[in-house]
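Chemist: Spelled out from the first residue to the last, the chains are:
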Amino acid sequence: MEQPNLDYVNQLARGDESIKNELISIIKKEFPEEKKCYFESVEKKDFKIIEENVHRIKHKISILGLEKSYKIANEFEHNLRELSFLKKEEFEKSLMAISSYIETI
Amino acid sequence: MDCIIIDDEKMARVIIKTLCNEIDDLHISGEFSNAMQAMKFLNENTVDLIFLDIHMPNFSGLDFIKSLKNPPKIILTTSDTKFAIEAFEYDFILDYLVKPIKLPRFIKAIEKVNKQEISSKSKASQVKNTPDVENDFYINIDRRLIKIDLPSIYLIEAKGDYIKIKTENQDYTVHSTLKKIEEKLPESLFLKIHRSYIINLKKIVDIEDNSVLIKKDVIPVSRSKRPELMKRLDLL
Chain A
1 MEQPNLDYVN QLARGDESIK NELISIIKKE FPEEKKCYFE SVEKKDFKII
51 EENVHRIKHK ISILGLEKSY KIANEFEHNL RELSFLKKEE FEKSLMAISS
101 YIETI
Chain B
106 MDCIIIDDEK MARVIIKTLC NEIDDLHISG EFSNAMQAMK FLNENTVDLI
156 FLDIHMPNFS GLDFIKSLKN PPKIILTTSD TKFAIEAFEY DFILDYLVKP
206 IKLPRFIKAI EKVNKQEISS KSKASQVKNT PDVENDFYIN IDRRLIKIDL
256 PSIYLIEAKG DYIKIKTENQ DYTVHSTLKK IEEKLPESLF LKIHRSYIIN
306 LKKIVDIEDN SVLIKKDVIP VSRSKRPELM KRLDLL
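So the sequences go chain by chain: A and B. Heads up, the first sequence is in the numbering used here, so the first residue is 1 and it goes up one at a time. Heads up, the second sequence is in the numbering used here, so the first residue is 106 and it goes up one at a time.
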């Protein structure tokens with residue numbers, strides 16, 4: 001499985017540690033909250049809200065350089081619009097990978 | 106150029122702010138996590154450019170666009186390319202940036218905005234009666250009004266709350282801003298090449314990489330202004 005990375009963050013910060021730290025702290029703060037909201041919406045089976053949560057998380061997936069996971073998230077988001085949970089498990093694997101990674105940064 | 110950022114994600118707003126800081130002349134007047142807040146702001150303020158996320162809960166970017174009476178230029182920022190076709194039906198939407206936005210693509214979008222700005226200004230000046238263009242203006246120094254002949258100005262430099270006007274004969278320090286004086290200068294002769302400098306194009310001695318020599322002053326040229334400067338020069 002592909003691994004999250006900070007390539008985009010480093011590219012954007014261009015050596016400015018304060019920008020890098022700000023972006024990392026937002027990821028570290030927001031991602032767990034967004035993941036929690038996602039699982040809560042799954043519990044409720046509210047497709048519209050699940051879709052919104054997936055969309056929000058999708059941006060962080062792309063920021064962390066997870067190209068395949070981003071594609072999966074896109075497909076999952078599309079499936080949710082069709083009221084289908086197809087790609088859910090794969091999407092959730094990406095969430096777990098990100099959770100483990102942000103513990104290390 | 107005054108701009109605002111509308112995006113429900115803090116991360117996205119921080120990224121756009123970081124990218125904006127790379128561009129001289131781009132001033133962020135506000136950032137909003139929802140379109141309604143932005144609407145309130147726009148009722149009392151004007152901006153030149155909006156970075157707008159399409160996919161936002163409750164009141165989407167497209168709803169926001171439809172509600173604008175006098176829309177400024179807009180650059181869309183989103184992950185949903187599917188909205189692009191609908192969005193480009195509007196003339197004031199100049200570009201579409203897919204997240205995560207990278208600096209080279211961001212610069213390209215700003216260049217598009219600048220180009221459009223130049224073309225609409227030149228259209229406006231064609232409509233205007235060109236012989237009426239002023240050739241001088243007055244500045245107030247120590248309660249004296251001094252006439253400045255525009256073609257004699259070779260450089261104007263921002264210095265905090267003041268500007269320094271350098272002419273062939275003398276330098277003047279006036280309490281004003283570059284933005285204010287820029288409005289009084291003929292576009293055919295002057296160009297803002299950096300957030301702190303306006304130059305008289307006719308007075309350029311030479312250009313090297315990212316600087317111009319004007320009289321004896323070496324003036325930096327912003328990366329975003331370089332294409333416009335090159336375009337305005339009469340190259341062999």
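Bear in mind the hints are in silico, worked out from the structure with no lab data behind them. All C-beta atoms, glycine included, are put in the ideal place defined by N, C-alpha and C. Hints may be right or wrong, so weigh each one.
[Said to hold, decoys possible] Here are a few chain A residues that face chain B, going by a calculated C-beta distance under 7 Å:
hint	residue
1	19
2	25
3	26
4	52
5	55
6	63
[Said to hold, decoys possible] The calculated lysine to any residue pairs, modelled on SDA-like cross-linking and capped at a C-alpha distance of 25 Å, are:
hint	chain 1	residue 1	chain 2	residue 2
7	A	87	B	162
8	A	48	B	115
9	A	28	B	308
10	A	68	B	210
11	B	115	A	1
12	A	36	B	311
13	B	207	A	21
14	B	115	A	82
15	A	28	B	214
16	A	20	B	214
17	B	122	A	30
18	B	207	A	7
19	A	29	B	163
20	B	115	A	84
21	A	29	B	197
22	A	35	B	197
23	B	207	A	22
24	B	217	A	8
25	B	284	B	197
26	A	88	A	21
27	A	71	B	162
28	B	207	A	95
29	B	252	B	222
Chemist: Please go over all the hints and tell whether each is borne out by the structure.
Modeler: Verification of the hints:
1. 19: Cβ of residue 19 of chain A sits 6 Å from chain B, so the hint holds.
2. 25: violated (10 Å)
3. 26: holds (5 Å)
4. 52: Since the shortest Cβ distance to chain B is 6 Å, the answer is holds.
5. 55: holds (6 Å)
6. 63: Nearest chain B Cβ about 5 Å off; hint holds.
7. A/87 <-> B/162: It holds: about 23 Å lies between the C-alpha atoms, which stays within 25 Å.
8. A/48 <-> B/115: holds (21 Å)
9. A/28 <-> B/308: Distance ~53 Å between residue 28 of chain A and residue 308 of chain B Cα, so the pair is violated.
10. A/68 <-> B/210: holds (22 Å)
11. B/115 <-> A/1: Violated, because 28 Å separates the two Cα atoms, which is more than 25 Å.
12. A/36 <-> B/311: Given that 25 Å is the threshold and the Cα spacing comes to 60 Å, the pair is violated.
13. B/207 <-> A/21: holds (18 Å)
14. B/115 <-> A/82: Between residue 115 of chain B and residue 82 of chain A the Cα gap is close to 29 Å, so the pair fails against 25 Å, i.e. violated.
15. A/28 <-> B/214: With a Cα-Cα distance of about 30 Å, the restraint between residue 28 of chain A and residue 214 of chain B is violated, given a limit of 25 Å.
16. A/20 <-> B/214: holds (24 Å)
17. B/122 <-> A/30: holds (18 Å)
18. B/207 <-> A/7: Status holds; Cα separation ~11 Å.
19. A/29 <-> B/163: holds (24 Å)
20. B/115 <-> A/84: With Cα atoms ~29 Å apart, residue 115 of chain B and residue 84 of chain A exceed 25 Å; violated.
21. A/29 <-> B/197: violated (36 Å)
22. A/35 <-> B/197: violated (36 Å)
23. B/207 <-> A/22: holds (17 Å)
24. B/217 <-> A/8: At roughly 24 Å apart (the allowed maximum being 25 Å), residue 8 of chain A and residue 217 of chain B satisfy the hint.
25. B/284 <-> B/197: holds (23 Å)
26. A/88 <-> A/21: Violated: residue 88 of chain A and residue 21 of chain A sit about 31 Å apart, past 25 Å.
27. A/71 <-> B/162: holds (22 Å)
28. B/207 <-> A/95: Holds, at roughly 24 Å.
29. B/252 <-> B/222: violated (30 Å)
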